[in-house]
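Residue numbers (this note's numbering), protein chains in the order written: chain C, 1 to 492; chain U, 1 to 492.
Honestly, the hints are just simulated from the structure, not real lab data. Heads up, none of these hints are tricks.
If chains are identical, the list can't say which one is meant, so a pair holds when it fits in one copy or spans any two.
DSSO-like cross-link-like pairs, simulated, lysine-lysine; straight-line CA separation at most 30 Å:
hint: 1; residue 1: LYS53; residue 2: LYS158
hint: 2; residue 1: LYS49; residue 2: LYS158
hint: 3; residue 1: LYS353; residue 2: LYS158
Computed from a predicted model, the values in this text were never measured in an experiment.
There are 2 protein chains.
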Amino acid sequence: MAVVRLAAVALAFALLRVNSPLHTALAFGLLGYAITSHLIPRLGSSFIKVGLKGRDLSKAPPVDFIPELMGVVLAVTYMVLLVLIVPFVFFKYLVSFLAMSNDDELSDLFNTQYRSIENNHMFPHNKLAEFLSGALCLLSTILLGFFDDLFDIRWRHKFFLPAVASLPLLIVYYVDFSVTSVVVPTFITAHPIGETFVEYLTSFFAASNELVTYITNLKFTTLTTDYNVASSSAPKLLDLGIFYYAYMSALSIFAPNSINILAGINGLEVGQSIVLGIIFLINDMCYLLSPSISQAAFDSHMLSAIFIIPFLGVSLGLFQYNFFPARVFVGDTYCYFSGMVFAVVGILGHFSKTLLLFLVPQILNFIYSVPQLFNILPCPRHRLPRYNVKDNLMYPSYGELKEGYKLGTILLSVLAFFRLILVERDQNNRITKFSNLTIINLTLVWLGPMREDILCIIILVGQLLIGVLMIATRHTVGPWLFGYDNLSWGAK
Amino acid sequence: MAVVRLAAVALAFALLRVNSPLHTALAFGLLGYAITSHLIPRLGSSFIKVGLKGRDLSKAPPVDFIPELMGVVLAVTYMVLLVLIVPFVFFKYLVSFLAMSNDDELSDLFNTQYRSIENNHMFPHNKLAEFLSGALCLLSTILLGFFDDLFDIRWRHKFFLPAVASLPLLIVYYVDFSVTSVVVPTFITAHPIGETFVEYLTSFFAASNELVTYITNLKFTTLTTDYNVASSSAPKLLDLGIFYYAYMSALSIFAPNSINILAGINGLEVGQSIVLGIIFLINDMCYLLSPSISQAAFDSHMLSAIFIIPFLGVSLGLFQYNFFPARVFVGDTYCYFSGMVFAVVGILGHFSKTLLLFLVPQILNFIYSVPQLFNILPCPRHRLPRYNVKDNLMYPSYGELKEGYKLGTILLSVLAFFRLILVERDQNNRITKFSNLTIINLTLVWLGPMREDILCIIILVGQLLIGVLMIATRHTVGPWLFGYDNLSWGAK
Numbered sequence: 001m002a003v004v005r006l007a008a009v010a011l012a013f014a015l016l017r018v019n020s021p022l023h024t025a026l027a028f029g030l031l032g033y034a035i036t037s038h039l040i041p042r043l044g045s046s047f048i049k050v051g052l053k054g055r056d057l058s059k060a061p062p063v064d065f066i067p068e069l070m071g072v073v074l075a076v077t078y079m080v081l082l083v084l085i086v087p088f089v090f091f092k093y094l095v096s097f098l099a100m101s102n103d104d105e106l107s108d109l110f111n112t113q114y115r116s117i118e119n120n121h122m123f124p125h126n127k128l129a130e131f132l133s134g135a136l137c138l139l140s141t142i143l144l145g146f147f148d149d150l151f152d153i154r155w156r157h158k159f160f161l162p163a164v165a166s167l168p169l170l171i172v173y174y175v176d177f178s179v180t181s182v183v184v185p186t187f188i189t190a191h192p193i194g195e196t197f198v199e200y201l202t203s204f205f206a207a208s209n210e211l212v213t214y215i216t217n218l219k220f221t222t223l224t225t226d227y228n229v230a231s232s233s234a235p236k237l238l239d240l241g242i243f244y245y246a247y248m249s250a251l252s253i254f255a256p257n258s259i260n261i262l263a264g265i266n267g268l269e270v271g272q273s274i275v276l277g278i279i280f281l282i283n284d285m286c287y288l289l290s291p292s293i294s295q296a297a298f299d300s301h302m303l304s305a306i307f308i309i310p311f312l313g314v315s316l317g318l319f320q321y322n323f324f325p326a327r328v329f330v331g332d333t334y335c336y337f338s339g340m341v342f343a344v345v346g347i348l349g350h351f352s353k354t355l356l357l358f359l360v361p362q363i364l365n366f367i368y369s370v371p372q373l374f375n376i377l378p379c380p381r382h383r384l385p386r387y388n389v390k391d392n393l394m395y396p397s398y399g400e401l402k403e404g405y406k407l408g409t410i411l412l413s414v415l416a417f418f419r420l421i422l423v424e425r426d427q428n429n430r431i432t433k434f435s436n437l438t439i440i441n442l443t444l445v446w447l448g449p450m451r452e453d454i455l456c457i458i459i460l461v462g463q464l465l466i467g468v469l470m471i472a473t474r475h476t477v478g479p480w481l482f483g484y485d486n487l488s489w490g491a492k
Numbered sequence: 001m002a003v004v005r006l007a008a009v010a011l012a013f014a015l016l017r018v019n020s021p022l023h024t025a026l027a028f029g030l031l032g033y034a035i036t037s038h039l040i041p042r043l044g045s046s047f048i049k050v051g052l053k054g055r056d057l058s059k060a061p062p063v064d065f066i067p068e069l070m071g072v073v074l075a076v077t078y079m080v081l082l083v084l085i086v087p088f089v090f091f092k093y094l095v096s097f098l099a100m101s102n103d104d105e106l107s108d109l110f111n112t113q114y115r116s117i118e119n120n121h122m123f124p125h126n127k128l129a130e131f132l133s134g135a136l137c138l139l140s141t142i143l144l145g146f147f148d149d150l151f152d153i154r155w156r157h158k159f160f161l162p163a164v165a166s167l168p169l170l171i172v173y174y175v176d177f178s179v180t181s182v183v184v185p186t187f188i189t190a191h192p193i194g195e196t197f198v199e200y201l202t203s204f205f206a207a208s209n210e211l212v213t214y215i216t217n218l219k220f221t222t223l224t225t226d227y228n229v230a231s232s233s234a235p236k237l238l239d240l241g242i243f244y245y246a247y248m249s250a251l252s253i254f255a256p257n258s259i260n261i262l263a264g265i266n267g268l269e270v271g272q273s274i275v276l277g278i279i280f281l282i283n284d285m286c287y288l289l290s291p292s293i294s295q296a297a298f299d300s301h302m303l304s305a306i307f308i309i310p311f312l313g314v315s316l317g318l319f320q321y322n323f324f325p326a327r328v329f330v331g332d333t334y335c336y337f338s339g340m341v342f343a344v345v346g347i348l349g350h351f352s353k354t355l356l357l358f359l360v361p362q363i364l365n366f367i368y369s370v371p372q373l374f375n376i377l378p379c380p381r382h383r384l385p386r387y388n389v390k391d392n393l394m395y396p397s398y399g400e401l402k403e404g405y406k407l408g409t410i411l412l413s414v415l416a417f418f419r420l421i422l423v424e425r426d427q428n429n430r431i432t433k434f435s436n437l438t439i440i441n442l443t444l445v446w447l448g449p450m451r452e453d454i455l456c457i458i459i460l461v462g463q464l465l466i467g468v469l470m471i472a473t474r475h476t477v478g479p480w481l482f483g484y485d486n487l488s489w490g491a492k
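The task is simple: from the sequences and hints, build the whole structure.
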């Protein structure tokens, strides 16, 4: 362990290059791994001391307390790294800018005038603002998650806080890009009905934008960014205007919560975040390695990579302690935090729609959980699978079906018919119990009882496969649907 | 109470104007006051429930627990306000920018090119970056303070964290201003010895800058900002280069801690922050109301006002619960947070040296405490004054002088001689006890025992008087010393 950490640190310093963001990100990722895997075992005791501890429900007794909320350590480490990486990322500007400022023809300008006006031309303040707004958003999420773990805040109180946290992001987006239009699949516009429908939507969005503009004075205009369109016919755009911002802040609410509800077995929270990170990175690399890539797309995905790589580093550091048998719990803090990392990257990287493709497993889990989340079916406090001490395996956990769930009962029989759920019936064939609606339970329903670590690995592998499939889809079916792809390998 | 809050909210909405930052700041200040004074009494119970509670040592028994760390509520409220205020502050840019983007001759530019390049000319990204870096710095400070309260982090661990937190600030400063020179008082340069001394320093700093440049490739050049110099002779500048950044991050370490050690009686932490805020605001107003003010100075002090006014609002909301008899404690979180607010404002507002004048009471308290802080004299765990149940008054608290404090003993006799301390001696005239070295105790030494609230008020009034005096000094003695003043009322 210690050797690995030392090696990581050494390699990090070997990799540390100014002027090469990817090298720097990789170095910081290694440092992050070394730091978290060094800190977490050492800080555990002090977490337990102040009462941040929990018992693992899926282990054979005697079970003693293990530290809870260790995700905070990871999150703080990540933030420190993110702050420290800034000078490296902007290094060439910092240098070149000052080199210029020493030019003779400039210097007198500097000495006479207030300087920031000049700097605007030299230093990419907008990029720095993006970076800072992202960091700000993440830090607020950490604080929110931490308070939630500590005080468990009421649902209706904490619901909108991520949206507030994402406000700086939206402002930066509004200022720098304000691209609020989505591309309409060609097969829709091809058909007259689809055509008219799209026109109807366009006018609706336009009208609502007019209204908003009238009230707030802010114009939510769309400015088409550079789709390096392969086909001569430009794609049909649908301008969502203000609704696009609503979508983005909804994303900042959904992403953290979707990761938070796909949890309950050792290593799954961290594991799924790592897999997501890998998927993001693969997608970024597709762009960064593309020979004919526009500056805009390159910058976006470089930024994404700079955020993701250190995140992978720190998460791997945590994973080795959180994986079966877990020696630490990560807490909601971690789930919120990692969810927000992906939301931030999606928004700043301008692939907030592609992002949803990568979140498909989380989305499926959410949709599957809806009946219990919105109390169409009774929802027990914990929905994690049931641990059986005798054979040391995990079994689906069940919810009791009480009276007065008419809709729920119908739903259950449908789900049961499609084998999407296990039910127990009494003698007169009324459903009494049903397996809880999480894809963790569903996996157990389909593949039968298994050990906790196997279960976790199966889900993670599944997630990875879906993710890779989605990337492929995005860049094969996507172009066919939309008549263009912003990832051009020169081939097209 | 509720009426006052309602009135505040109503007035806030009445004041809320786009395009007038001061109005907006005032409105947000009122909102802040309403929110904190609404939240704090309601959240107290849940703080106590999770064990964030403490006993007031200076009250007549029976003393029951009151919530601790309520500063966090204030801090979070402030951060939310700070994020929400951004669109208002930048409103005119947001609008005008988009108005421009609709111009015909521009639009095709937009449609063809990646947009952020154009935006750099229109939107003050550097100002937004300043704002965000400030917010980021504050948020990290909250997190640090909170962890410190929770886990009490070791001194050597937490010491440098504020410096990390202030890194984004320094980067923004480096990019936007990089003014690293200080003005040398004329009376020094007048005298030949002073002259040579300054030249020696100049060359020293220049050399060290060369070294840093050689290592890091970063040039720490000075570019003189606009002192609207009244006298024809430009002031002599001393370029501190890299050391100026060291000074600023030292400031971000000192300010929070200096406020943190001037504490121990009800209302003092919040009270001194409010007084500091008022002093800052007076200073800002001097500039903002000045007829012939440079754009640079105006922007700086407007930014300062925008940060300070909401801070005053939320702090007043907390003060009414923290003042004698305290119903809540604020925790180190508050001290760190408020300290960092002033550091941030000082750095972003480019009066990081004037800032020290305003912190004089805290600095005096620090210097006075040094012997105990650095263990030249024994330091008990708590140095707060001793409460006497019989007469309900506060008395100076004493430290025991053990053997082996040679230097300390000498120091004590000197301090005792100047009546800067109370000592108790044994029969052979050896000092056995001494009043703890805080200006709180010193006040009691000089003015005799008094009630807790009177003590707090006296210290606060003293601080306010010193502050006002300092502002006066800054703009009267300052010009005389430095041969110029950046605050020009046209008179000069």
